[in-house]
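Asks: Given the sequences, and given the hints that come with them, work out the whole structure.
For reference, the chains in residue letters:
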Amino acid sequence: MFRYIIRRLLQMVLAFFGTTLLVYWLMFAASGDPIAALAGEKPLSPSVRQALIEEFHLDQPFFVQYLYYMKDLLTFNLGVNTSGRDIGEIVASAWPYTLKLAFIAFVFVVVVGITLGVIVAMKRGGIFDTVVLLLTLIVISIPVFVIGSTLALFGAKWGLWTTNVGGSGDLSAYVVPALVLGSLSLATAVRLTRSSVGENLRADYVRTAKSKGLKRSQVVGVHVLRNSLIPVITFLGIELGGLMGGAIVTEKIFNIPGIGFELAKAISLEDGPTVVTIVSLLVIVYLLMNLLVDVLYAVLDPRIRYE
Amino acid sequence: MGRHSHSIVEQDSAPGPDDGGGHLLEVDDLYVEFRTGEGTAKVINGVSYHLDPGETLAVLGESGSGKSVTAQAIMGILDTPPGFVTGGRILYQGKDLLTASESDRRAVRGREISIIFQDALSALNPVFTVGWQISEALRKREGLSKKDGLERAVELMELVNIPGARERLKAYPHQFSGGMRQRVMIAMALAQKPNVVIADEPTTALDVTVQAQIMDLLGDLRRELNTAMILITHDLGVVADVADRIAVMYAGRIIEHADVHALYRSPAHPYTLGLLNSIPRLDDKGKTLRTIPGLPPNLTNIPSGCPFHPRCRFVRDVCRSEVPPSLDLGGRHSACHFARELLAGELEPTRKEPEL
Amino acid sequence: MSDQNALPPDATVVLAEGEAGMGQTRSLASDAWRDLRRNPIAIISAVIIVLLVLMALWPSLFTDADPYACDLSRSLQPPSSEAWFGYNLQGCNIYARTIYGAKASLQVGLYSVIMVAVIAAVLGMLAGYYGGWADAVIARVTDIVLGIPLLLGAIVILSSVTLTGVWPVVLALGLLGWTSPARIVRSSVISAKGQDYVQAARMLGADNRRIMIRHITPNAMAPVIVVLTIALGSFISVEATLSFLGIGLKGGEISWGADIADATGRVRNALGPVLFPSTFLALTVLAFIMLGDAVREAFDPKLR
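Chains as they are written, first to last, in the working numbering: chain V, 147 to 453; chain U, 941 to 1296; chain X, 2 to 305.
Simulated from the structure, these hints should not be mistaken for laboratory data. Please note: incorrect hints may appear among the correct ones.
Claimed, not checked - The calculated EDC-like cross-link candidates involving lysine to aspartate or glutamate, where the alpha carbons are at most 20 Å apart (straight line), are: (1) V:361 - U:1052; (2) X:251 - V:416; (3) V:303 - X:263; (4) U:1110 - V:447; (5) V:269 - X:298; (6) V:411 - X:263; (7) V:269 - U:1019.
Replies: Here you go:
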């Protein structure tokens, strides 16, 4: 178990540096003129220009720039954006909204996704199964921004729900946005649970458990569920990383001032430093969730634990 | 098609050599079909056998002969669909399991009749410790506490000769060797002190040296605990020391049923003869090993007459048209038109033996 | 990001599960083909895709109207006989714009999938064939690319390249989307390498590269086609999302995503400008994903 985690940790560190290096390189070096990449087409005053050069150590070789950047990022010294605002402040004020949204979406995905997945797996081949499968396929196929835009449109036209959440403290305002945010994960979770439970229902150990004289509820509730939830839980872990990673589309549509909203704003303002910083932070969150999932996987599956 | 038109057992004939009625377990004229998209496979076609307390019956046959399906039907763990029991009775202590309620059937499973599966690695749940799995039924059905259940698990693991049983209680199936895993499987099958143990190819997945150890263990346990056993195998070599009687299955039928010594001494069916000839023996040095030519029949389209006739060296015209009845040969049965002639050594082959 | 609609890596695994053991024999392939021809979902998807291709190649078959001829005096006019879907805020014919929008979406989907297929084939073959350090390096690169959520990565790439048209999006999707197909190619190569006749041929000194490719192709074909079909749908979805965010197609292309963004950003009461391009977009993505799913089911006997 210990060796497994260490190995995973090393792999994660490697992936972390590789990923951030790639992001940093794409943002700064690939375009030739890093200042232009940072500031877009806005004219810059010489003092801002000088500040940017100093902040990103642009007078140094590329790799040194990157190391400075990582040092700042890992010490949460996030610097200022092109209009002089502290990026750390932007992130700190936006984070709670994204967390709230992601949390509601996650609860929704876990509860509805697993329940529905188990039910359709038990009734495999029936009408309900077919309908649910088709619905999940449709949800997977419709881009989230289409679902979101349409729901926002209906909400606004008939006054069904708030489409301008803003900085609302009211949790109920987050329900529809969370549904939108979680829709793809939910549909995927249903399909994954269904196939995992279906596969385990056919496993030999189910027959063994039945031969012991256990009730069907005991066979399914203990033996099948314990095994089929392993892939589902690992999937959900990664999804939580994705959900926490901010919901750029959902936050844009429902006007929620979270991380994704700030990212979308920075993209349209061509605010390079904010884009790179937020993307790097989100990649870190995503990688950390991946690591957590690997550990969870080992806890859940003894075959991995004693690898 | 009605099952009676297909029956190969004569109405008045007894199902076994020492039929006395009131057996511990009796399979009576069982029919099972598998219905799939490609058609219906008649997997079991009128199988009858019985088991008395403390005795061991070996059920022998190639894969696809229906020997394991019969066991699954007895346990009530047939996958439905595709498997359907379409006729017959399975009597345990005189009570028909096939018409019993699900809760009555469940009461029999594990406690009265238990089963040892072929591949312990897949038959054991990978995410629970072996101690937990051996004691599971004791906790859930006999109301044992967790601690008492684990104590019993240690005793059972010691009974099946797993060294360091107490330390290995918390180990997972994949941490055991194949032979040890099969011992765990056996311990689990014995946990609820059943009267009948069905061992479904218990050694097929194991190395040859380990196979012998597991067969010895099963023999010892049977004597020690006086448990009746159905030993399902495709390997005629492993049954000789353990079994009292042998039922040979082919295409979902029992084609020969005899006392183990009688069967080895003089088989009364060409198929059994072929099986015996295909066992390599030390004193056969220099002779070619004979195999049975051809393949087991396709169960969606079983040959007319005797199902073995396309592969039989002694085939006659009648074999192609008429299903042979189960002939009572005095304490033994054979479903061959010419069983008496074969036993007397008077049956001449009608085609050349294939050379290997 | 979870709302990116980018199927790889998670969803593709779910949709393309059971990819192992596909396409072993010719009879399996012909069985699968027979199944597909009888599957109504596959037929409907194929018909939709054919219609979309026609729209992309010859939009004038479907409409005489000019999608660029916008007249503010017609702003938000309801559907009529000359504009079946009505006019949008700028007074453009929504039906014409929707028809002409198919071209960019299909181009992005097709070019990205071709790029992904090439990268996946090269890297998968190298990793599977040479093993050892080549495999290890490619595995680490795969980890790194998988560590970047597709939409975020695309945003970063798009904000740094200066190309115009569909190419920046194609480049972004191609560079980020090759991981799952590459893994499939790799495992197919490894299983082909282990087969007796390939080893025998190798011992006889045959040019095993050619043998490998000949045996890998049938093995890897079915699962790769499934993954790529599904990926095509999801790439179209990502392109629309990027255009919706204002960072996707640059320079004059008519994009469903951008049109939807225009319609939602400014008007919250007109359904037409949002619903018509949304429906076309959703049907397009759905058609590819359902076709991929149907192919997978046809090739996976376990699911029958």
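Asks: Tell me if the straight-line CA distance from residue 411 (chain V) to residue 263 (chain X) falls inside 20 Å.
Replies: holds (16 Å)
Asks: Given the hint that residue 1110 (chain U) pairs with residue 447 (chain V), does the C-alpha gap stay at or below 20 Å?
Replies: Holds, at about 14 Å.
Asks: Just to be careful, I want the Cα atoms of residue 361 (chain V) and residue 1052 (chain U) compared with a cutoff of 20 Å; is the pair within it?
Replies: holds (16 Å)
Asks: Given the hinted pair residue 303 (chain V) and residue 263 (chain X), is their alpha-carbon gap at most 20 Å?
Replies: Roughly 17 Å between the alpha carbons, so the hint for residue 303 (chain V) and residue 263 (chain X) holds.
Asks: For residue 269 (chain V) and residue 298 (chain X), compute the direct alpha-carbon distance and say whether it is at most 20 Å.
Replies: holds (19 Å)
Asks: For the pair supplied as a hint, residue 269 (chain V) and residue 1019 (chain U), confirm whether the alpha-carbon distance does not exceed 20 Å.
Replies: Holds - the C-alpha atoms of residue 1019 (chain U) and residue 269 (chain V) are around 15 Å apart, at most 20 Å.
Asks: Take a quick look at whether residue 251 (chain X) and residue 416 (chain V) sit within 20 Å of each other, Cα to Cα.
Replies: OK: residue 251 (chain X) and residue 416 (chain V) at ~15 Å, within 20 Å.
In the structure shown, no violation is registered for any of the earlier numbered hints.
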